[in-house]
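S.K.: Given only the sequences and the hints, what does the whole structure look like? Please build it.
Same order as they appear, the protein sequences are chains A and B.
No gaps in the numbering here: position 132 of the first sequence is 321 in the numbering used here, and each next residue is one more.
No gaps in the numbering here: position 189 of the second sequence is 378 in the numbering used here, and each next residue is one more.
Keep in mind that the hints were calculated from the coordinates and are not lab data.
Since the structure is predicted, the reported quantities are computational estimates derived from the model, not experimental observations.
Note that beta-carbon positions come from the ideal geometry of N, C-alpha and C, so glycine has one too.
Hints may contain errors.
[Unchecked claim] To give an idea of the interface, some chain B residues facing chain A are shown, with a C-beta separation under 7 Å as derived from the structure: (1) Ile315; (2) Arg376; (3) Thr377; (4) Val399; (5) Leu401; (6) Pro424; (7) Phe429; (8) Val431; (9) Arg433.
[Unchecked claim] Derived SDA-like pairs (lysine to any residue); straight-line CA-CA distance at most 25 Å: (10) B:Lys402 / A:Arg395; (11) A:Lys402 / B:Arg395; (12) A:Lys218 / A:Ser281; (13) A:Lys402 / A:Thr293; (14) A:Lys218 / B:Ser316; (15) A:Lys402 / B:Ser281; (16) B:Lys391 / A:Gly397; (17) A:Lys218 / B:Ile315; (18) A:Lys402 / A:His374; (19) A:Lys402 / A:Asp385; (20) A:Lys391 / B:Gly397; (21) B:Lys402 / A:Leu285; (22) A:Lys402 / B:Phe429; (23) B:Lys402 / A:His220; (24) A:Lys391 / B:Val380; (25) B:Lys402 / A:Gly253; (26) B:Lys402 / A:Gly397; (27) B:Lys402 / A:Arg393; (28) A:Lys391 / A:Val339; (29) A:Lys391 / A:Gly425.
[What the hints assert, rightly or not] Partial list, computed: chain B residues near chain A (C-beta under 8 Å): (30) Val256; (31) Ile379; (32) Ala383.
There are 2 protein chains.
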Amino acid sequence: MRVISKKPRRPPQSPRLQVNEALAALLNKHHPGEQLPTEPQLAQQLGVSRATLREAMRSFEERGLLVRRHGVGTFVAQPPPVIESGLEELESLDTLARRIGLETSMGEALIEEREATSDEADHLQISPGDPVLAVARVMLTDAQPVAYLVDVIPTTWLRLQDLGEAFNGSVLDMFLQRGEPALSHSRTDIVAEAADGMLARKLRLRRGDVLLKLEAQLVALDGRVVDYSLSYFVPGHFRFHVVRRVGKNNGESTLAKV
Amino acid sequence: MRVISKKPRRPPQSPRLQVNEALAALLNKHHPGEQLPTEPQLAQQLGVSRATLREAMRSFEERGLLVRRHGVGTFVAQPPPVIESGLEELESLDTLARRIGLETSMGEALIEEREATSDEADHLQISPGDPVLAVARVMLTDAQPVAYLVDVIPTTWLRLQDLGEAFNGSVLDMFLQRGEPALSHSRTDIVAEAADGMLARKLRLRRGDVLLKLEAQLVALDGRVVDYSLSYFVPGHFRFHVVRRVGKNNGESTLAKV
DNA sequence: CAGTGGTCTAGACCACACG
DNA sequence: GTGTGGTCTAGACCACTGA
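M.R.: Structure representation (structure tokens):
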């Protein structure tokens, strides 16, 4: 037990990362449905406490990679198809892609300061004509377009000159790294939409082809809207899911009548 | 520390429930934005370990009632203007429609017992050919089709004869009312899809028209899959959203074998 | 019944935020 | 530096599952 106040500390890395890696390796070695070693066994093998192991397992379970059954055991879940993301955690597409080892690059991009349209002002809780920074880009994998992303940010939050060399295209990542303003959550509408001429051209599809559209408002801890974004996804590359929990109570509009 | 193997045990209730109640009371006493006592303080006040307190706090934070900021403190979240509302709460479309005052009726319906297809068996964690109950129906508002819904349930959970007069078409509502099996959550994939011939006919669209598709596995508390459902929505009638929270994300590879 | 995951404790140390 | 939440440990007991 580590009780002494000296600081020998870790040669390899943090227990958490180590456990995450080991778990990922385990999952790759086992087939879906197979049972994993018991928690005490695994904890000892990995040289961490059971609490630490369970914390890591929790995140795997949330991502749908693991199934734990009380009194029975822990099992490998179904293999996730394609690129998959649980929507409840806010994460940039770039971060997601990197995390799963996907090569992406930024295609045709446009960054400009202009005046907010009426619709944008509405979602950003500002006035039409107020200055905003607009960032539009195409995301590519293997030189093939997979998504078209637009961010609109009031210039009170972000100016053109704030985008340094390190800017990778993700406004969300930039805000998270900068830490200012502190972010709370995003409210994301989910829509299926047909590609119009502009989208068809940018994504190399035909007009009328089906797209998944995420329309999001990024909200700071103080409640103000920081970013209004539209994301269009070509089917077959990304796959999103959400975990819907049986309600304890507080029901309200999950959907609005249009 | 409780080390002795005697069983004095608790007079009131489980620490978890006690802490949940105390936290809820605390939140009602404080205004949004106010800072709560530190974790060690709270833990001592409530007479539980810090780990137990943190476990309870985690669920409050997930529900958006609390905000914890590393190195700063714990705060009461902003007034939830119905934040806790999107897809994250599991509720039947019928219940939702009724609550928002939308008149719906069940059109063209088909209920039958048959053998599970390979794809269905996969999602239900059973074997192909195992008997299932399939419930397919069209949802109408104003005599106009707005959604096509299919539920597939292993007959171990539900038989044709279990559907009484009161069955309104919603398998979820039926399970919730029956209380058996106890439900946990659903894992819902979100996809944009073009209507095929069958869907086009049932929803009175043209082939190739865009649809939002929700593909869900309904999971019981014991982890078993109770229901596999496909829901196709005609755009313009329903609008779904989800609240995505900024991640405390963990470290590494979610990578999956193919 | 044996074996599994679920909860809980007391205490220590780590990492971050902010004056 | 001071104070906060975040991680981690070793061990014990609880509650469920299934033979």
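S.K.: Determine for every hint whether it applies to the structure shown.
M.R.: Consistency of the hints with the structure:
no.: 1; hint: Ile315; result: violated (11 Å)
no.: 2; hint: Arg376; result: holds (6 Å)
no.: 3; hint: Thr377; result: holds (5 Å)
no.: 4; hint: Val399; result: holds (5 Å)
no.: 5; hint: Leu401; result: holds (4 Å)
no.: 6; hint: Pro424; result: holds (6 Å)
no.: 7; hint: Phe429; result: holds (5 Å)
no.: 8; hint: Val431; result: holds (5 Å)
no.: 9; hint: Arg433; result: holds (4 Å)
no.: 10; hint: B:Lys402 / A:Arg395; result: holds (21 Å)
no.: 11; hint: A:Lys402 / B:Arg395; result: holds (21 Å)
no.: 12; hint: A:Lys218 / A:Ser281; result: violated (29 Å)
no.: 13; hint: A:Lys402 / A:Thr293; result: holds (19 Å)
no.: 14; hint: A:Lys218 / B:Ser316; result: holds (23 Å)
no.: 15; hint: A:Lys402 / B:Ser281; result: holds (23 Å)
no.: 16; hint: B:Lys391 / A:Gly397; result: holds (21 Å)
no.: 17; hint: A:Lys218 / B:Ile315; result: holds (22 Å)
no.: 18; hint: A:Lys402 / A:His374; result: holds (18 Å)
no.: 19; hint: A:Lys402 / A:Asp385; result: holds (13 Å)
no.: 20; hint: A:Lys391 / B:Gly397; result: holds (21 Å)
no.: 21; hint: B:Lys402 / A:Leu285; result: holds (23 Å)
no.: 22; hint: A:Lys402 / B:Phe429; result: holds (11 Å)
no.: 23; hint: B:Lys402 / A:His220; result: violated (28 Å)
no.: 24; hint: A:Lys391 / B:Val380; result: holds (21 Å)
no.: 25; hint: B:Lys402 / A:Gly253; result: holds (20 Å)
no.: 26; hint: B:Lys402 / A:Gly397; result: holds (17 Å)
no.: 27; hint: B:Lys402 / A:Arg393; result: holds (23 Å)
no.: 28; hint: A:Lys391 / A:Val339; result: holds (12 Å)
no.: 29; hint: A:Lys391 / A:Gly425; result: holds (17 Å)
no.: 30; hint: Val256; result: holds (7 Å)
no.: 31; hint: Ile379; result: holds (5 Å)
no.: 32; hint: Ala383; result: holds (5 Å)
Checked against the numbered hints above, the structure violates hints 1, 12, 23; every other hint is satisfied.
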